[in-house]
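Read off the chains here:
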Amino acid sequence: MTETLDSLSLVGVYSAMAVYTIAFICFTLDLAQRAAARTKVTKEASERVLVSAGTVPGRHPIGHAKPEASADAERSPISKLERVGFSLTALAFAVHLASVILRGIAASRVPWANMFEFAITATVIIIGVFLAVQVWRDLRFLGAYITGFATLALGVATVGFYVDVVPLPPALQSVWLVIHVLVAILGTAFFALGAALSVVQLVQARREGRGTAGPSWLQRVPDAETLENLAYRVNVVGFVFWTFTLIAGAVWAERAWGRYWGWDTKEVWTFVIWVLFAGYIHARATRGWRGNRAAWLAIVGFSAVIFNFTIVNLFFKGLHAYSGL
Amino acid sequence: MSRSSDTVTDPLRPDDYVGSAAPTVNQPKLGPLGYLRFFWRQLTSMRTALFLLLLLAIAAIPGSLVPQRSADPNGVQTYYDNDVELARVLDFFQLFDVYGSVWFSAVYLLLFISLIGCVLPRTKHHFQALRSRPPKTPARLQRLEGFRTQELGGTDVAGAVASADQVLRRAGYRTERYGDSVSAERGYLRETGNLVFHSALVGVLICVGLGGGLGYTGQKIIVEGQSFTNTLLAYDSFNPGRWFGEETLNPYRIELDSLDVEYEEQNLNAYGQPLDFTANVRVYDQGAPEGVDSTIKVNEPLREGGNDIYLLGNGFAPTITVRNADGDVVFREAVPFLPQDAQLTSIGVVKVPDGLSEQLGMIGFFYPTASELETGALASTHPDLRNPVLTLQLYTGDLQLDDGIPRSVYALETDDMTQLTGRGTDIESLVLAEGDTVEMPNGLGTVTFEQVDRYVSLDIHRDPTQGWVLIFAVLAVAGLLTSLFIPRRRVWIKATEGPDGGVRLEYAGLARGEDPGLERAVADVAERHRKALEKPGA
Ligand code: HEM
Chain A
3 MTETLDSLSL VGVYSAMAVY TIAFICFTLD LAQRAAARTK VTKEASERVL VSAGTVPGRH
63 PIGHAKPEAS ADAERSPISK LERVGFSLTA LAFAVHLASV ILRGIAASRV PWANMFEFAI
123 TATVIIIGVF LAVQVWRDLR FLGAYITGFA TLALGVATVG FYVDVVPLPP ALQSVWLVIH
183 VLVAILGTAF FALGAALSVV QLVQARREGR GTAGPSWLQR VPDAETLENL AYRVNVVGFV
243 FWTFTLIAGA VWAERAWGRY WGWDTKEVWT FVIWVLFAGY IHARATRGWR GNRAAWLAIV
303 GFSAVIFNFT IVNLFFKGLH AYSGL
Chain B
87 MSRSSDTVTD PLRPDDYVGS AAPTVNQPKL GPLGYLRFFW RQLTSMRTAL FLLLLLAIAA
147 IPGSLVPQRS ADPNGVQTYY DNDVELARVL DFFQLFDVYG SVWFSAVYLL LFISLIGCVL
207 PRTKHHFQAL RSRPPKTPAR LQRLEGFRTQ ELGGTDVAGA VASADQVLRR AGYRTERYGD
267 SVSAERGYLR ETGNLVFHSA LVGVLICVGL GGGLGYTGQK IIVEGQSFTN TLLAYDSFNP
327 GRWFGEETLN PYRIELDSLD VEYEEQNLNA YGQPLDFTAN VRVYDQGAPE GVDSTIKVNE
387 PLREGGNDIY LLGNGFAPTI TVRNADGDVV FREAVPFLPQ DAQLTSIGVV KVPDGLSEQL
447 GMIGFFYPTA SELETGALAS THPDLRNPVL TLQLYTGDLQ LDDGIPRSVY ALETDDMTQL
507 TGRGTDIESL VLAEGDTVEM PNGLGTVTFE QVDRYVSLDI HRDPTQGWVL IFAVLAVAGL
567 LTSLFIPRRR VWIKATEGPD GGVRLEYAGL ARGEDPGLER AVADVAERHR KALEKPGA
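Chains as they are written, first to last, in this note's numbering: chain A, 3 to 327; chain B, 87 to 624.
Calculated from the structure, these hints are not laboratory results.
Bear in mind the structure is a predicted one, so any value in this text is a computation, not a measurement.
Hints may contain errors.
Stated by the list, open to error - The calculated label-pair distances, taken between Cβ atoms and stated as ranges, are:
| no. | chain 1 | residue 1 | chain 2 | residue 2 | range |
| --- | --- | --- | --- | --- | --- |
| 1 | B | 299 | A | 140 | 52 to 58 Å |
| 2 | A | 31 | B | 151 | 50 to 56 Å |
| 3 | B | 219 | A | 158 | 57 to 63 Å |
Claimed, not checked - A few chain A residues that face chain B, going by a derived Cβ cut-off under 8 Å, partial list only:
| no. | residue |
| --- | --- |
| 4 | 82 |
| 5 | 85 |
| 6 | 86 |
| 7 | 135 |
| 8 | 167 |
| 9 | 173 |
| 10 | 176 |
| 11 | 180 |
| 12 | 260 |
| 13 | 262 |
| 14 | 267 |
| 15 | 281 |
| 16 | 291 |
The beta-carbon is built from N, C-alpha and C at its ideal position, and this holds for glycine as well.
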């Protein structure tokens, strides 16, 4: 029974991966196509485009969100390819979610007790957050990044991290496994989106700095300042989740290991990430650091999250030896 | 809008805060006091805080690369064994004690001094702001965020202003009337949250420091049927904090009845994996001299006498009896063996200083489920007791117990001893099943493997500030949530007489910090105001 469900779950993960890949191709083609379309338009009416692209660098007083309308105004209408890519992402998400749940049923516990399970669950939540965030703001231009990320993460997880279902060791049998890890994944999901926004922001800022049209797909995305505000809001949510992770982890460590904080390698890195993002929030409020530098901090922060999950889990010695490998 | 009228209600920020007016560049000549003030300003600037935060992040990293004495003393020893020179250099830079090192402490102490220096004036300022009035209505609202107008009939200017005041108050604003306009501000909680957050971090730091100094941690191994009394001498190892006093050891006694272990039997991928450990204990204290039954499990510590008692390890303790050539018992003890692998192959040491013709040392291997490999060597294939076998290598000579240097009970210095059995000698190790007795070589006498029991390894802690750390941490989260998600904003409503007898109303807002929802909020206020005016008395 357990093994049947588990193999079914694995088939689901592979299928989701395939669909994510197709979605990724759609999103990428869409960006490329926009580029081509833009080039044509630029030739025909270069002046008009330059004017519309040149209006961007906002000089708004701090803290003022740019009026929403202006952010969307120069955005081209949603293309067919993008719509297909988005629907495929939603479809893959459904399959993916089902396989994660199957894995949980197969194991009769939450499906995030080893690296493989953590990876498939984290990816599904990252995609879930990406889909959900669209209700708040249209961030579909991150589709290529997000589906690419999901494909890559699932690929690494299935090839490198796969382990059979095994019961939980006593140290992991705790409600805190559910809380602590779930919150950490949610934090990671928001940081993933935030980092993507910051990357686009940096590219966009460079384009705006040069005052040229630049890579044309960039004209599809909001201006650098809007991106920075979006990234900030997303990252701040991630930061709150991460703070919870830190505290829940300490509470759990107290119960399982007899001390709430012991500078175990994983604790060190969770702390480092927390401090980095506190730095990011400060950078946003420090003269000379708002903008590009703050964006870099967000990217470094998310890189540390990835590093924490991969390198630290696999190669660093510590109490968090739950990769299952 | 003039800044000066704002300064009272604006949250106070360091000079290099993005929103602050640029600092004056021309520095007057500085006296000693001036320099002090200058350095203080530097230390409490946003840039310094940011720099120190990033420095803290970087400074924490080495501790994850190099083993730390507190968490992994054996790892440190390995460094010393492998490369003494390198280990000495690392030790010189305190890299084996990163989190207690001078440089790490310097970074976080500076950061917290900066934090306090930043938070104190802000708190004072915030208290003033809480008692002051919202600022004057700017002359020209149309420059501000979310500006909109509407004209309403059926009321006059005074009525419109009164109702505006009411609408804003109901929406949680603090209001002040200036002529025919209302100035309103809300979200003071944002700054309160920020201050609570930063102050709570100071609280966490202080409590962590106090807890480390006042508390202690100790370890104790208890074999089934034996007990532990909470006194200093009874601990196997004990690490007191700086201000530890022996009077904080509450007298109680814990007796281990049994340790129940459950193993996976169904799932072949995890066959033999332990699923559950339950230590059944009886606790005797002043409240219950006759004892109370209780359990300790992984993830479910026992809280007793101000201590937290954790089940952190377990293993087997074979009871070994040694008789001399005359048949007199010279040693009988349940000896805890240290597990070496998941199948609980374990190693233990027996030292028999007296009663035999020579001092005797034994290094024992214990296999809970012994089976013979093709090479003829033994191995354990399951962590439970299915075929317990004990093998012993004997050494005679000086146990070096009398030279005053403390020796680990888990290690035997064999360099100066003569090996009698085991690899490298003609005689094979002694092999005993439960209940067996065998002769030792050289007519030393006999060894008996009487029985085997489980033992638990308990960590016993006292941390009097632990609860406070949690309280401050929760406060920090509460402060964080308020300060990040409660918008601080100002809204103005101005009424003028309209051209055709009605009232012309202007609305506008101003964000103080991140406030993506400001425009909607202004629109919302306008809408509510219209509704309030349309059905007067509501
Ligand atoms: C232990 C070190 C510190 C940590 C972890 C930390 C963390 C944070 C966080 C998470 C925020 C955003 C949430 C909020 O507004 O409450 C924040 C805001 C802020 N912090 Fe800190 N902080 C630290 C030290 C300092 C220091 C030393 C200063 C003074 C120079 C400072 C000044 C500020 C200010 C002015 C804000 C408001 C920023 C804004 O208006 O957007 N912080 N800090």
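Okay, the hints, checked on the actual structure:
Here the CB-CB span from residue 299 of chain B to residue 140 of chain A is close to 54 Å, well matched to the stated 52 to 58 Å. Between residue 31 of chain A and residue 151 of chain B, the C-beta spacing of about 43 Å breaks the proposed range 50 to 56 Å. At roughly 60 Å, the beta-carbon separation of residue 219 of chain B and residue 158 of chain A lies within the given 57 to 63 Å, and the hint holds. For the restraint placing residue 82 of chain A at the interface with chain B, the shortest Cβ-Cβ distance is roughly 31 Å, beyond the 8 Å limit, so the hint is violated.
Hint on residue 85 of chain A is violated. Least Cβ distance to chain B is approximately 27 Å, over the 8 Å limit. Taking 8 Å as the C-beta contact cut-off toward chain B, the hint placing residue 86 of chain A at the interface is violated, the least distance being around 31 Å. Contact between residue 135 of chain A and chain B, as hinted, is not supported at the beta carbon level, the nearest pair being about 14 Å apart and thus beyond 8 Å. With a cut of 8 Å, the hint placing residue 167 of chain A at the interface with chain B holds, because the nearest CB-to-CB distance is about 7 Å.
For the restraint placing residue 173 of chain A at the interface with chain B, the shortest Cβ-Cβ distance is roughly 5 Å, inside the 8 Å limit, so the hint holds. Annotation: interface hint on residue 176 of chain A holds; nearest CB of chain B at approximately 5 Å, less than 8 Å. Violation of the interface hint for residue 180 of chain A is found here, the shortest Cβ-Cβ separation to chain B being roughly 13 Å, above the 8 Å cut-off. Interface hint status for residue 260 of chain A: upheld, as the beta-carbon distance to the closest one in chain B is roughly 4 Å, under 8 Å.
Given the 8 Å rule on beta carbons, the hint for residue 262 of chain A holds: about 7 Å separates it from the nearest Cβ of chain B. A hinted interface residue such as residue 267 of chain A counts as satisfied when its beta carbon comes closer than 8 Å to some beta carbon of chain B; here the least separation is about 4 Å, so the hint holds. Hint status for residue 281 of chain A relative to chain B: holds, with the closest Cβ pair at about 4 Å, below 8 Å. Checking residue 291 of chain A against chain B by beta carbon gives a least distance of about 6 Å; that is within 8 Å, so the hint holds.
Comparing the model with each numbered hint stated earlier shows that hints 2, 4, 5, 6, 7 and 11 do not hold.
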